[in-house]
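Given the structure of chain A, go ahead and fit chain B onto it with the hints provided.
As given, the protein sequences belong to chains A and B, one line each in that order. The numbering used here puts the first residue of the first sequence at 1, with every later residue one more than the last. The numbering used here puts the first residue of the second sequence at 95, with every later residue one more than the last.
Everything labelled a hint here was simulated from the structure, so no lab data went into it. It cannot be assumed that every hint is accurate.
To be verified - When the alpha-carbon atoms are kept at most 25 Å apart in a straight line, the in silico BS3-like pairs for lysine-lysine are as follows:
hint : chain 1 : residue 1 : chain 2 : residue 2
1    : B       : K345      : A       : K52
2    : B       : K368      : B       : K342
3    : B       : K368      : A       : K2
4    : A       : K30       : B       : K368
5    : A       : K30       : A       : K2
6    : B       : K345      : A       : K30
7    : B       : K345      : A       : K2
8    : A       : K54       : B       : K342
9    : A       : K2        : B       : K265
10   : B       : K272      : A       : K23
11   : A       : K30       : B       : K272
12   : A       : K54       : B       : K345
13   : B       : K265      : A       : K23
14   : A       : K23       : B       : K264
Unchecked claim - Quick look at which bits of chain B chain A covers, simulated, 3 or more residues with Cβ under 8 Å:
hint : stretch
15   : 253 to 264
16   : 434 to 446
Cβ coordinates follow ideal geometry from the N, Cα and C atoms, glycine included.
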Amino acid sequence: MKINLDEIFDYTSFNVDRDPHIKLDEQICKICDQRSCVNCCPARCYTWDEEKQKMTFVHDGCLECGTCYVVCENDAFTRWRYPRGGFGVCFRMT
Amino acid sequence: MKRTFDAIVVGAGPAGSSAALTMAKSGLSVALLERGAFPGEKNMFGGVLHRLTALEEYFPDFWNQAPWERHIVKKNLSFMTPGSSFSVSFDNEEADTPPYNGYTIFRPKFDNWLAQEAVKAGATLLNRSTVDDVIREDGKIVGVTLLRDGAELRAPVVIAADGVLSFTAKKAGLRQGKFSTENQGVCIKALIDMPKEVIDDRFGLVREQGASNEIVGNSAGVRGGTFLYTNYDSLSLGMVLELGSLTKTDKTPYDLLNNIMEQPQMSKLLRGGKLLEYSAHLVPKGGYDMIPELVGDGIMVAGDAAALCIITGLNLEGINLASQSGVLAGKAAIEAHKQQNFSKQSLAVYKKMLEESYVLKDLKMYRRTPQMLHNDRIYNQYPELICGVMDEIYRIDGTPKETMTKLLLRKVKETVGLKNMLADVYSGWRAL
Numbered sequence: 001m002k003i004n005l006d007e008i009f010d011y012t013s014f015n016v017d018r019d020p021h022i023k024l025d026e027q028i029c030k031i032c033d034q035r036s037c038v039n040c041c042p043a044r045c046y047t048w049d050e051e052k053q054k055m056t057f058v059h060d061g062c063l064e065c066g067t068c069y070v071v072c073e074n075d076a077f078t079r080w081r082y083p084r085g086g087f088g089v090c091f092r093m094t
Numbered sequence: 095m096k097r098t099f100d101a102i103v104v105g106a107g108p109a110g111s112s113a114a115l116t117m118a119k120s121g122l123s124v125a126l127l128e129r130g131a132f133p134g135e136k137n138m139f140g141g142v143l144h145r146l147t148a149l150e151e152y153f154p155d156f157w158n159q160a161p162w163e164r165h166i167v168k169k170n171l172s173f174m175t176p177g178s179s180f181s182v183s184f185d186n187e188e189a190d191t192p193p194y195n196g197y198t199i200f201r202p203k204f205d206n207w208l209a210q211e212a213v214k215a216g217a218t219l220l221n222r223s224t225v226d227d228v229i230r231e232d233g234k235i236v237g238v239t240l241l242r243d244g245a246e247l248r249a250p251v252v253i254a255a256d257g258v259l260s261f262t263a264k265k266a267g268l269r270q271g272k273f274s275t276e277n278q279g280v281c282i283k284a285l286i287d288m289p290k291e292v293i294d295d296r297f298g299l300v301r302e303q304g305a306s307n308e309i310v311g312n313s314a315g316v317r318g319g320t321f322l323y324t325n326y327d328s329l330s331l332g333m334v335l336e337l338g339s340l341t342k343t344d345k346t347p348y349d350l351l352n353n354i355m356e357q358p359q360m361s362k363l364l365r366g367g368k369l370l371e372y373s374a375h376l377v378p379k380g381g382y383d384m385i386p387e388l389v390g391d392g393i394m395v396a397g398d399a400a401a402l403c404i405i406t407g408l409n410l411e412g413i414n415l416a417s418q419s420g421v422l423a424g425k426a427a428i429e430a431h432k433q434q435n436f437s438k439q440s441l442a443v444y445k446k447m448l449e450e451s452y453v454l455k456d457l458k459m460y461r462r463t464p465q466m467l468h469n470d471r472i473y474n475q476y477p478e479l480i481c482g483v484m485d486e487i488y489r490i491d492g493t494p495k496e497t498m499t500k501l502l503l504r505k506v507k508e509t510v511g512l513k514n515m516l517a518d519v520y521s522g523w524r525a526l
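Bound conformation, chain A alone (with noise of 0.2 Å):
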């Protein structure tokens, strides 16, 4: 048994909104010596693309846990706000 990121959608649900609830400020991440949000984030949501030098943000999976709004020290988001009503993950149980 292994948590594997690749297999969320197949334990997570999620009701996925077409506007994306965080939005990042590209240049802030493209010039932030730290990027913590990479590894702490617990759904893997945040990608650093080291050639093209870009942050790309998923929302898709997002946990709404709050980690990257504590965690990113150059406040890089142009937007940090829980999903629409009713949309985003759906905790079945846990």
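Here is chain B on its own, set in the frame of chain A:
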């Protein structure tokens, strides 16, 4: 949409629903806002639901009404290294009769139940309602707007029970600036399917008895701990990892949890289990010194939003403090309606009641604990020391034995260091 109520509660978790229930029972019209499709849908925790003394007035036989999984009779504390584990177990018959001291629960079920009780008492539950901002008039909070085409709800008093990041408290100016990464932990959890009989046999339980296990060590040096709880026919395995410490590594939370799952003693307990659900959330772990302003003009803050959490390693309390704070905020709102005065001075009675209750008394008593837990040796060297000493005590390898004193001194020097140990014992004593 524009509607007016006597009170608005933001967040239908344990704090919010306790507040809504209290106010609705006294006849106030209450809007209880939940951003999920139903209360509990967004909620997870890495814990045990402790006895909710604050709600016993409303549910004298709570255990017959609330949906729970197992009641806790057995508490284990373990120190773990990559290959060994030393445990202390407290199994208590006293905990086997109601009122039970603690339960394992599923939040989507439990939180929904409590919110529905508030609805039965007359509260208006508005699901799918994410708050966008507070409405301010003459410096007072008089309502909230929703992230839903300009919907507006008004009330002379708002209770912010919207969880650890509480944007409601922030927008009302009660919480300033950024959170410290040292004051926040990320809790991740795997829910693991396992037949009831297997759990009973493996953990030494009968009927609906449950066990809780708190584990220190084997977290690759990251400050934090592991928990394993028995539900009726599933296990909850998770970790709480301090963000300040996690940011200093390149480790991911899920790799650390996978590493725990593969640890030999743990993997025996999990054998045959199947992953059902994976969840995560922040835990406010800064204690007393992290508490924001609790009241403002027309607003009070309760539960995780007010950072009312106690994490000592031995005790992990949250929902009991949340529900107590919710009830007290509700009572303060009722009083404010009687006086028709919703100013900060009038609502300060909430803070006073919290100070007189066990909530702020306990948080104050454990004020030094978060600092004590910022000691990296707890998560690395001490588990190594304890398991190393046990290994040498039990090991028969044809060499003569040392006296216990010599063995202990040598092991302490090898791992923690004598000076460090004395300092840690002192600070640990002060903190707990």
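For each hint, the structure was consulted:
no.: 1; hint: B:K345 to A:K52; verdict: 23 Å, holds
no.: 2; hint: B:K368 to B:K342; verdict: 32 Å, violated
no.: 3; hint: B:K368 to A:K2; verdict: 9 Å, holds
no.: 4; hint: A:K30 to B:K368; verdict: 40 Å, violated
no.: 5; hint: A:K30 to A:K2; verdict: 33 Å, violated
no.: 6; hint: B:K345 to A:K30; verdict: 21 Å, holds
no.: 7; hint: B:K345 to A:K2; verdict: 16 Å, holds
no.: 8; hint: A:K54 to B:K342; verdict: 22 Å, holds
no.: 9; hint: A:K2 to B:K265; verdict: 40 Å, violated
no.: 10; hint: B:K272 to A:K23; verdict: 18 Å, holds
no.: 11; hint: A:K30 to B:K272; verdict: 21 Å, holds
no.: 12; hint: A:K54 to B:K345; verdict: 21 Å, holds
no.: 13; hint: B:K265 to A:K23; verdict: 19 Å, holds
no.: 14; hint: A:K23 to B:K264; verdict: 19 Å, holds
no.: 15; hint: 253 to 264; verdict: holds (count 3)
no.: 16; hint: 434 to 446; verdict: violated (count 0)
Of the hints listed earlier, those the structure fails to meet are numbers 2, 4, 5, 9 and 16, in rising order.
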